[in-house]
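**Student:** Listed below are the residues making up each chain.
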Amino acid sequence: MTPGSRLAAGTPVRVRSGDPRTHCRTPHYLRGKCGIVVRALGDYPNPEELAYHRPGMPALALYQVEFDSAQVWGDRLREAPYRIVADIFEHWLEPAGAAG
Amino acid sequence: MSTHGGHGHGHGQGPGDHGEHDRGEHDHSEHDRGEHNHEHPHAPIDDLAGYRPESLLLEQALRELLIEHGVLTASDIQRQIDQTESRTPVLGAQIVARAWRDDAFRHALLDEAKPALGTAFALDLANTPELTVLENTAQVHHVVCCTLCSCYPRNILGIPPAWYKSREYRSRVVIEPRAVLREFGTDLPPEREIRVVDSTADMRYLVIPLRPAGTEGWDEARLAALVTRDSMIGVAQVLPPA
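Sequences listed follow chains A and B, in order. Under my numbering, the very last position in the first sequence is 100; numbers go up by exactly one each time. Under my numbering, the very last position in the second sequence is 342; numbers go up by exactly one each time.
Keep in mind that the hints were calculated from the coordinates and are not lab data. Built from N, CA and C at the ideal position, the CB exists for glycine as well. All clues stand as given, with none of them false.
Covered stretches of chain B, as calculated for chain A (at least 3 residues, CB under 8 angstroms):
#1 273-280
#2 297-310
Here are the computed lysine to any residue pairs in the SDA-like style, where the Cα-Cα straight-line distance is at most 20 angstroms:
#3 B:214 x A:39
#4 B:214 x A:40
#5 B:214 x A:43
#6 B:214 x B:230
Computed far set for chain B versus chain A, every beta-carbon distance over 10 angstroms:
#7 161
#8 181
#9 207
#10 237
#11 268
#12 284
#13 287
#14 325
#15 342
Start from the sequences, fold in the hints, and give me the full structure.
**Tutor:** So this is what it looks like as structure tokens:
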């Protein structure tokens with residue numbers, strides 16, 4: 001998503017699949033997975049900058065994103081379906097399209 | 101539950117928050133028995149035997165430098181530790197009890213937690229992490245974790261339990277939540293939807309558990325006494341009164 005854009009609740013998104021050699025707050029198990037924006041949580045300094053004692057500005061939008069367990073785990077799913085909610089910064093999200 | 105491997109990285113925590121480092125968890129029970137007479141050939145007891153991570157040395161070096169340069173005093177640090185350790189789940193239980201009794205407060209809390217708490221409990225939450233309150237209902241059950249480290253609503257619940265920081269809880273609850281909940285004695289009906297909330301960033305989460313039957317008309321103090329820490333993390337339910 002372009003910085004500064006605002007994602008509405010219900011927007012389908014995909015978490016980027018990058019693997020930067022840096023501190024970040026995007027869990028590996030959600031990378032590349034599709035979810036739905038639940039709500040925007042406000043703007044926060046970029047933790048990937050804060051970790052290296054930089055100011056982390058401009059602040060980035062943080063989104064609460066909900067995932068289906070089947071989408072996240074595929075064949076590895078061991079239980080009846082449930083949902084996972086995680087907070088993902090905007091630069092880790094990309095449009096997933098209606099099929100997401 | 102295993103308690104090893106719970107090394108958090110101190111995300112968003114203040115100085116002197118030693119709880120993050122899990123130190124001193126070595127079990128001393130074998131040395132606490134009355135028959136322990138000092139004729140022993142064992143080595144001196146060392147709390148940190150086999151566990152002296154660089155982070156601990158770094159913390160010590162940084163602390164000593166800050167004190168030496170007059171940025172902080174040892175008593176500042178001690179005061180912060182005291183403050184951190186004095187927070188207990190009692191406050192959380194009071195919040196839950198009020199939310200159960202007062203619909204307007206509950207709605208305000210679910211809508212925007214910090215302003216609602218600031219008004220109702222005269223709490224100064226200005227310099228604490230953001231907080232979202234989630235409500236467990238007959239339809240949906242929330243359980244909170246932090247798969248990346250140990251993010252936890254410390255300002256409301258105090259220091260997180262060791263299992264919350266354990267690798268086992270953090271890795272399992274997102275892939276088999278029903279199995280993990282059953283190990284905590286929480287057997288939910290199959291139709292109850294589960295939402296596992298992974299606090300990955302700046303937001304902390306507090307759960308309002310489902311109010312148990314048989315508590316109609318109870319006052320706030322009586323209700324609060326039923327509310328456990330684990331029910332506010334979402335691994336347990338509040339049991340009906342016996």
